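2 protein chains.
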Amino acid sequence: MARVNESNSGSDVLSLESIRESLIRQEDTIVFSLIERSQFPLNSPAFEDSGNLSSSLTEFFVREIEVLQAKVGRYENPEENPFFLEYIPHSVFPTHKYPTVLHPKALSVNINKRIWDVYFKEVLPLFVKPGDDGNYPSTAASDLACLQALSRRIHYGKFVAEVKFRDAPQDYEPAIRAKDTEALMKLLTFEKVEEMVKKRVQKKAETFGQEVKCISSDSSDESEKKYKVDPLVVSRIYGEWLIPLTKLVEVEYLLRRLD
Amino acid sequence: MARVNESNSGSDVLSLESIRESLIRQEDTIVFSLIERSQFPLNSPAFEDSGNLSSSLTEFFVREIEVLQAKVGRYENPEENPFFLEYIPHSVFPTHKYPTVLHPKALSVNINKRIWDVYFKEVLPLFVKPGDDGNYPSTAASDLACLQALSRRIHYGKFVAEVKFRDAPQDYEPAIRAKDTEALMKLLTFEKVEEMVKKRVQKKAETFGQEVKCISSDSSDESEKKYKVDPLVVSRIYGEWLIPLTKLVEVEYLLRRLD
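Residue numbers (the UniProt record's numbering), protein chains in the order written: chain E, 1 to 259; chain D, 1 to 259.
Heads up, a few of these hints could be off.
Because identical chains cannot be distinguished in the list, a pair is counted as satisfied if it fits within a single copy or across any two copies.
[Stated by the list, open to error] Derived BS3-like pairs (lysine-lysine); straight-line CA-CA distance at most 25 Å:
no.	residue 1	residue 2
1	K129	K192
2	K192	K164
3	K199	K228
4	K213	K247
5	K226	K213
6	K203	K225
7	K225	K213
8	K129	K97
9	K213	K192
10	K225	K113
11	K199	K247
12	K121	K228
13	K226	K203
14	K225	K199
15	K213	K203
16	K113	K192
17	K121	K213
18	K203	K71
19	K225	K105
20	K228	K203
21	K199	K97
I should point out that these hints are in silico values taken from the structure, not numbers from a laboratory.
Nothing here was measured: the structure is a model prediction, and the numbers come from that model.
Given these sequences and hints, build the entire structure.
Given below as structure tokens:
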């Protein structure tokens, strides 16, 4: 995670370039986390609503981990957004002062409820085998890693929006004042860039999800290669959910940018 | 993590082959976790002893996470060994029945105190940049992932020892009865295999730690490639600590195998 402004507090180094670098690095983290999760089958009893009042194992686990991470200061970092905001306590350790980059009235944008639903209902079944092997503790830990990596990437849209706004406020202000989400979405969409991202994450899934052997196998047929997570699925996860949800965060952020 | 016996409860499928597969798969997890940790500098104030009675941030974090993971049943799994055993509560969720594979009098072997020291004092400074960026919450989360991956691999030595013992009890029994750790260590050492493992993890660090670009760069000079974690350091971590500590667990386990 490349952090904005870190080594240059005082001067403003929020740039599209540093944000781009962070997003590219976060792709590796996301692909790693999907590969790790794919070791376990769906294991739906871990996260399914039990129907009664008690939480699922995964919900309990993620909520309590977030409480604990808050105690060591995780959510002082504007890049991190909790799934269970209403439970988050203050840090019990001295906290780092992160630079103020985001607009104060807009920085609380949080679409984690939506990310949670999308992840368990749409994304997860695409890249794990169906079934139930009972190993819920490891599964929940892997789901947490995926959820946090996806959430960080999607909410990074706040930084993207901030830098784009600063670069050309005149382009955004009319649409913001008119609350014209469609116009904002259009301003934020660059199809060529999105296609490039989808291709790159596909390649990362091929690279990181291959079986690495001692002896180089350059001569082997590429089409026979087996991957831990289907690279086309990773590309699709980006195209159908990660990129659109990031843009949704950007729009939500911009709508409050002049407040 | 390939789990022993899982899909064949009833019949005994503990085999050197299934253990080998799990150890190879765990290499990917370990390399991923080192790469993720290398995003942050050493950040030693997070884990250094403060000198007074209170725990360091990282110690507090790992201990409390383990308590929470125990509540969802993590340590019912014989592959998982806590760092803070004395704090571990019972699970509050119904737990999975893991097959009994290990010898009951020997399965409690736990060298995590040693792993903790080795990790923070010797291993970590080798693959992260020196310095302190204040981002302790993310650093502690990454350290936890490394510690758990290393601990699982090292304690997997219990399964290795069990299957080797079952394969040829006559080879091991005299040395066990004589408490001859040196003879046991000799029986458990296969230098060729160790060299192969070291080469393979080096290749994994090259593969998973490279910068993946959209456009294939097969023509570029290999020697110019930059890796997120030095592949030779990963090989050295295996050769100097991971393999010897795994064998230490194997010896400790075997010494109790006839109890």
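Hints, verified against the model:
no., hint, in the structure
1, K129 / K192, "neither (32 Å within a copy, 36 Å between copies)"
2, K192 / K164, "within (17 Å within a copy, 56 Å between copies)"
3, K199 / K228, "both (17 Å within a copy, 21 Å between copies)"
4, K213 / K247, "between (39 Å within a copy, 23 Å between copies)"
5, K226 / K213, "both (13 Å within a copy, 20 Å between copies)"
6, K203 / K225, "both (13 Å within a copy, 17 Å between copies)"
7, K225 / K213, "both (12 Å within a copy, 19 Å between copies)"
8, K129 / K97, "between (43 Å within a copy, 21 Å between copies)"
9, K213 / K192, "between (35 Å within a copy, 15 Å between copies)"
10, K225 / K113, "neither (37 Å within a copy, 41 Å between copies)"
11, K199 / K247, "within (19 Å within a copy, 43 Å between copies)"
12, K121 / K228, "within (21 Å within a copy, 34 Å between copies)"
13, K226 / K203, "both (13 Å within a copy, 18 Å between copies)"
14, K225 / K199, "both (18 Å within a copy, 21 Å between copies)"
15, K213 / K203, "both (19 Å within a copy, 8 Å between copies)"
16, K113 / K192, "neither (29 Å within a copy, 51 Å between copies)"
17, K121 / K213, "neither (35 Å within a copy, 31 Å between copies)"
18, K203 / K71, "neither (38 Å within a copy, 38 Å between copies)"
19, K225 / K105, "neither (49 Å within a copy, 43 Å between copies)"
20, K228 / K203, "both (13 Å within a copy, 17 Å between copies)"
21, K199 / K97, "neither (37 Å within a copy, 42 Å between copies)"
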